[in-house]
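Chains as they are written, first to last, in this note's numbering: chain A, 1 to 369; chain B, 1 to 369; chain C, 1 to 369; chain D, 1 to 369.
Hints should not be assumed to be uniformly reliable.
Chain copies aren't distinguished; within one or between two, either way the pair holds.
[Stated by the list, open to error] Once the Cα atoms are required to be at most 30 Å apart in a straight line, the calculated DSSO-like pairs of lysine-lysine come out as:
(1) K350 with K221
(2) K217 with K298
(3) K221 with K300
(4) K217 with K232
(5) K308 with K221
(6) K58 with K308
(7) K193 with K300
In short, the hints are calculated from the structure, not lab data.
4 protein chains.
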Amino acid sequence: MEAKHNDDVIGRARVTDTPELEAYYDELRTLGAGALWTVANDIEPWEPRPSSIPMLWKYDDLRELVLKSSELVTPEQAGRRVVYLVNDKRRDVSAAVGWLYTGIQVTRPGESTSAHRHRASALRFIMEGEGGYTVVDGNKITFEVNDFVITPNSAWHEHGVAPDGKTCVWQDGLDIPLVNALEANDYAVFDGKQPLDVPVNQSPLSYSAPGLIPADKVWDKPYSPLFKYSWKQVYPALLEAAKVNDGNPFDGILMHYTNPLTGGHVMQTMGASMQLLRAGEHTKAHKHTGSFVYQCAKGKGYSVIGGKRYDWKERDIFCVPSWVYHEHVNLSGTEDACLFSFHDLPVIEKLGLYQEKAYPENDGHQVLD
Amino acid sequence: MEAKHNDDVIGRARVTDTPELEAYYDELRTLGAGALWTVANDIEPWEPRPSSIPMLWKYDDLRELVLKSSELVTPEQAGRRVVYLVNDKRRDVSAAVGWLYTGIQVTRPGESTSAHRHRASALRFIMEGEGGYTVVDGNKITFEVNDFVITPNSAWHEHGVAPDGKTCVWQDGLDIPLVNALEANDYAVFDGKQPLDVPVNQSPLSYSAPGLIPADKVWDKPYSPLFKYSWKQVYPALLEAAKVNDGNPFDGILMHYTNPLTGGHVMQTMGASMQLLRAGEHTKAHKHTGSFVYQCAKGKGYSVIGGKRYDWKERDIFCVPSWVYHEHVNLSGTEDACLFSFHDLPVIEKLGLYQEKAYPENDGHQVLD
Amino acid sequence: MEAKHNDDVIGRARVTDTPELEAYYDELRTLGAGALWTVANDIEPWEPRPSSIPMLWKYDDLRELVLKSSELVTPEQAGRRVVYLVNDKRRDVSAAVGWLYTGIQVTRPGESTSAHRHRASALRFIMEGEGGYTVVDGNKITFEVNDFVITPNSAWHEHGVAPDGKTCVWQDGLDIPLVNALEANDYAVFDGKQPLDVPVNQSPLSYSAPGLIPADKVWDKPYSPLFKYSWKQVYPALLEAAKVNDGNPFDGILMHYTNPLTGGHVMQTMGASMQLLRAGEHTKAHKHTGSFVYQCAKGKGYSVIGGKRYDWKERDIFCVPSWVYHEHVNLSGTEDACLFSFHDLPVIEKLGLYQEKAYPENDGHQVLD
Amino acid sequence: MEAKHNDDVIGRARVTDTPELEAYYDELRTLGAGALWTVANDIEPWEPRPSSIPMLWKYDDLRELVLKSSELVTPEQAGRRVVYLVNDKRRDVSAAVGWLYTGIQVTRPGESTSAHRHRASALRFIMEGEGGYTVVDGNKITFEVNDFVITPNSAWHEHGVAPDGKTCVWQDGLDIPLVNALEANDYAVFDGKQPLDVPVNQSPLSYSAPGLIPADKVWDKPYSPLFKYSWKQVYPALLEAAKVNDGNPFDGILMHYTNPLTGGHVMQTMGASMQLLRAGEHTKAHKHTGSFVYQCAKGKGYSVIGGKRYDWKERDIFCVPSWVYHEHVNLSGTEDACLFSFHDLPVIEKLGLYQEKAYPENDGHQVLD
């Protein structure tokens with residue numbers, strides 16, 4: 001079991017309140033002040049303390065309702081026609097976990113939104129449909145199921161589905177709650193649709209070459225010049241890596257989507273990853289700082305998060321809060337399973353706040369509550 | 001005046017609720033979901049939206065109460081004997097502004113605290129006294145009035161005053177609210193006092209040489225190896241710079257305390273600065289993202305923050321929230337004035353969230369409310 | 001034509017020698033000194049001054065001789081059985097151009113070398129054969145024609161061909177002349193063959209995913225973790241890029257092989273590139289600092305280098321010295337042509353010595369001498 | 001003694017020439033080629049191999065001749081009136097050691113040079129005089145004895161002495177030989193004298209504050225914004241550091257002049273250092289890659305370089321070639337001694353070529369030849 005920390009030690013606040021102290025506190029209060037020792041033990045926890053709880057959103061439950069939104073409101077009315085997923089403990093900030101927002105957006109053939117931008121960063125993971133596209137800073141990007149697409153901090157963007165396509169559904173991920181909390185978000189509407197400055201898919205066709213960078217392109221943005229990561233390249237890469245690597249005991253074959261110009265996360269405030277759980281794989285449990293939203297991209301299995309089991313299959317979405325133990329299981333003995341995730345690791349890492357701990361008992365596996 | 005943004009445009013949510021929609025929302029709610037368009041305009045503001053208000057804490061009001069704490073509780077009982085300053089709109093997170101905590105700590109001759117460490121970063125700015133010291137990672141650092149001292153993320157630290165010293169008062173600055181919000185804070189108590197591994201003041205005596213770095217020291221920490229910035233070096237440097245620079249229209253002669261190994265901020269999550277307002281200087285107003293806590297280190301004057309005037313003199317503390325216009329005035333026509341500040345610019349900058357705007361009217365000066 | 005610089009101006013040495021001065025020079029010479037003005041104009045040229053000349057090595061001429069070496073000496077006797085290519089003006093330092101060495105190595109089925117390492121960096125570009133491999137720091141890497149392989153600074157390496165393979169020929173590139181000139185080269189012999197620590201091709205199978213990096217691998221080396229860049233990935237990437245880019249006026253579709261963890265050159269002292277000249281493409285001429293060795297990987301054409309035409313086809317090797325005008329022509333109207341190159345751009349760029357100039361006349365095309 | 005490496009091992013070339021091979025070599029030669037095994041052991045040394053020898057230039061010998069140059073030629077005729085010091089083994093490239101040039105420049109009161117710039121970087125160390133100044137990119141910098149001044153890659157610069165000053169003598173250091181070798185040097189003459197764009201000494205007055213950086217200055221150059229490092233700040237800093245540090249066994253208290261914005265070397269291709277040898281200090285011997293030119297700035301002593309003793313006192317200049325053992329001795333038992341040096345460590349380090357070895361015998365001290 002976890003170490004119990006005791007506040008009855010030197011170095012923690014252990015003041016017994018008295019009438020004199022109470023009067024003192026009142027006096028401080030009138031001056032916009034307080035006595036630190038009355039709050040110290042609360043604001044200085046022994047270990048990281050998450051405010052979210054683990055949650056699972058089953059796509060079977062949500063799909064009908066998501067599609068129904070396309071009958072209830074138009075994209076023009078709604079701005080974006082999205083059902084968002086909200087953590088029971090984070091309703092006040094509209095977050096799915098920690099400071100991360102996620103939602104499911106639906107767009108019908110021939111529909112398209114107007115362009116906008118915001119200081120918050122955004123990403124998409126494609127769930128259903130054909131003929132979908134996004135336009136990022138004048139570059140039209142077409143996408144397919146399980147593709148991962150970014151629309152970074154302050155980049156103009158808009159989405160749509162070709163008239164001869166099929167209704168598209170994708171998961172949005174944004175750090176709106178974080179950027180609001182940091183009191184730095186903004187929003188602007190583009191007057192109409194963006195002009196298409198460059199050939200369709202210029203970004204992925206220029207920057208998807210493994211270990212090759214165009215010699216004559218200048219890129220001065222703080223995010224990846226690669227706007228789309230194609231499942232048809234990503235999945236084979238996972239299979240190749242699985243041939244020659246044991247993988248991580250906690251995560252199987254885990255790869256981060258990266259900015260090919262830096263090797264770092266795709267955007268400044270959110271990262272994303274794809275992991276492959278081999279047939280029958282049952283990882284060990286660990287916990288670490290950082291908040292994660294997962295979507296099952298392939299296969300079926302379950303995760304034990306904070307001692308509870310959450311079963312998932314393709315398109316189900318779930319979250320793992322900061323500093324909560326978690327382990328993943330592929331329920332198939334013959335097929336691999338893949339979990340997409342996005343997270344705030346760029347924030348946690350850049351601010352020096354990452355720490356990790358392996359589950360110390362029971363051969364690394366949690367006992368179900 | 002500021003541009004008014006109108007939500008009645010394409011690209012913003014403009015849905016009129018109906019009974020059918022209400023029923024739909026109820027259904028979503030049961031699944032841990034919601035319709036984005038019901039919250040979108042609120043969570044995506046047109047401009048950064050601060051949650052704090054400007055506040056001023058006059059040292060004349062607080063000094064007696066701060067000293068009184070040394071009669072009411074011992075350092076052992078209190079952990080740290082500190083009066084903390086709290087923003088009227090941020091009492092829930094014990095913050096002075098944004099996600100920054102500040103307090104005033106008092107230590108009497110011969111007193112010393114036990115050592116501890118936490119993931120949150122801390123800094124001190126010395127207000128009164130003689131013979132004070134801090135011990136950071138085994139290096140004892142002595143300090144004087146207006147010195148600036150850091151005790152970074154996860155560094156062991158403890159404070160005290162020599163038996164033949166005079167009662168010391170200093171301002172503490174920490175990012176406890178931020179690190180709690182990011183669900184990453186922790187705390188540990190050192191068993192007793194740290195052994196003094198190296199000569200007193202090794203850090204400042206090794207790393208304070210202008211433009212010189214010890215060739216044979218290895219430093220692998222993500223924060224400055226210089227733990228103290230001495231007023232007796234800082235103030236002359238400001239005077240020298242003022243001889244040959246016009247200074248910044250919004251801030252006079254403004255310098256950041258930096259890590260001499262990188263030229264960057266002193267710590268990963270908090271920076272600090274010192275600025276000199278020349279005799280009679282009245283800066284222009286601007287606003288920018290990032291939260292700031294100021295202390296007047298020298299002279300007297302006032303700041304206009306969000307259209308209100310806040311008068312300050314030596315030792316007064318005030319705050320400027322994110323995205324609130326502010327300008328500074330030195331009320332003396334013959335003496336310079338100096339403002340120390342600490343802030344979350346390292347966070348704002350690393351996450352790509354900095355933006356700035358000059359006050360567009362009245363020759364750059366706010367009209368008082 | 002190029003601007004002519006005249007030394008008869010203020011700021012250049014213009015001293016007329018006299019008997020008194022001659023005596024003075026003699027006196028200086030005895031003290032290990034001299035008068036700067038006697039050498040200044042020579043050692044401070046108006047423009048970069050190459051010491052190499054352009055050269056072309058036709059594979060038709062060399063192939064027989066290269067293969068013959070495998071009858072004349074064994075790998076054990078020769079250390080490495082290599083015919084090296086040497087610039088007529090750089091025989092003293094065994095360089096093909098500038099400070100770059102290149103050679104053609106032949107290995108027969110079943111042969112393998114012992115392992116060694118050196119401070120100089122090395123790379124290979126595969127010209128012929130089947131079943132070839134290299135072992136870099138314990139990782140066996142198999143390769144095919146037109147693959148590009150690195151064996152970086154101080155990495156143990158050895159090469160061989162499988163017993164059931166076909167005689168392999170590849171081009172070696174090293175910066176031996178540079179590292180010797182910088183008085184920093186060294187050499188060590190491994191006692192026997194390296195143990196194979198990891199699965200065959202672990203490096204390329206782990207790091208060749210476009211925009212994906214293994215999350216759990218730690219890499220602390222100053223060079224690319226990707227040891228092989230496969231032609232079967234590189235060539236399609238060039239074709240993709242050519243679909244959506246106009247390319248560079250001087251180089252067509254030019255891509256640098258990069259370290260996927262940094263986006264920078266593959267090694268600290270040598271970089272490598274692949275470029276595609278579209279059917280009928282005739283680039284414009286420019287000159288820049290940095291020395292280049294080219295090998296034609298596909299197609300046929302010619303380059304005009306310093307006013308002379310050099311015709312090349314697959315496997316031919318040629319060089320472009322620093323600050324010599326050059327332009328490239330694909331002679332086919334229907335097929336693309338590809339040029340591999342390696343160069344010292346990492347050195348030139350890191351030391352702040354890069355400059356470039358477009359050919360200013362005749363619509364950017366040199367007039368043949 | 002050093003390990004002797006034997007070429008008679010597997011992995012080294014051990015071919016016995018035959019008439020057949022001789023014929024083969026001749027054939028290769030006609031094609032601009034050669035057999036690697038005929039040169040391999042020579043171009044791949046077991047250990048770094050310096051081309052320079054240690055040398056000492058006594059100022060007592062040179063001073064008269066240096067001053068005499070001011071009678072023999074004018075600055076206008078000479079370009080720069082400099083006596084340069086040249087290594088007996090590097091006369092072909094006008095280098096004092098390795099690829100570093102050094103000279104002694106004399107300027108009389110009222111004299112000034114015209115402005116020029118070059119791709120090579122330059123630095124000065126002031127030896128004698130009063131009223132000297134340099135102008136770097138429009139910023140006039142005044143200097144005194146033992147000050148260190150930089151005029152970086154491609155920065156316009158010119159020098160002079162005030163009419164009421166005293167004849168100034170300073171040491172120049174440049175990497176002309178290196179930049180020539182890399183075929184990248186250039187030269188341009190400024191038409192007349194530079195306009196003084198900013199107040200005198202703006203650079204040192206703005207950037208000499210320990211641990212403080214101007215918040216509002218933008219600096220996009222790849223070299224230090226601090227153009228002068230004043231002895232009156234440097235020497236006290238060495239004394240402070242000596243109080244709390246044992247120093248380096250090979251170098252005493254050794255500090256690098258650094259770019260305060262990066263903590264790195266002052267320029268891209270040359271660095272500089274100052275070291276203090278405490279009274280009676282006798283350092284241990286080591287050798288490392290990189291070439292060094294020293295000037296004694298204070299005191300007297302000797303260095304043992306490559307087994308020979310070289311005695312020095314104030315203003316004497318000497319060199320240590322790459323990979324030659326050296327140790328330093330302060331001959332005074334009561335006074336400290338200071339050695340200024342400049343070197344190519346930025347090159348050696350950035351290219352991954354640094355290595356170091358302590359003298360393994362005799363308690364770390366060389367036996368004099």
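_Cα distance capped at 30 Å. Does K58 pair with K308 within a copy, between copies, both, or neither?_
within (16 Å within a copy, 52 Å between copies)
*Up to 30 Å between alpha-carbons, please classify K217 paired with K232: within, between, both or neither.*
both (25 Å within a copy, 23 Å between copies)
_Reference check for the pair K193 and K300, CA-CA at most 30 Å: within, between, both, or neither?_
Answer is neither: 40 Å inside a copy and 45 Å across each miss the 30 Å cutoff.
*Please work out whether the CA atoms of K308 and K221 approach to 30 Å or closer within one copy, between two copies, in both situations, or in neither?*
neither (42 Å within a copy, 38 Å between copies)
*asked:* One pair to classify: K217 and K298, alpha carbons no more than 30 Å apart. Within, between, both, or neither?
replied: between (35 Å within a copy, 24 Å between copies)
*Measure nothing new, just compare the shortest in-copy and cross-copy C-alpha distances for K221 and K300 to 30 Å and report within, between, both or neither.*
neither (38 Å within a copy, 38 Å between copies)
*Which holds for K350 with K221 at a C-alpha limit of 30 Å: within a copy, between copies, both or neither?*
both (18 Å within a copy, 13 Å between copies)
Hint compliance for this structure: hints 3, 5, 7 are not met, and every other hint is.
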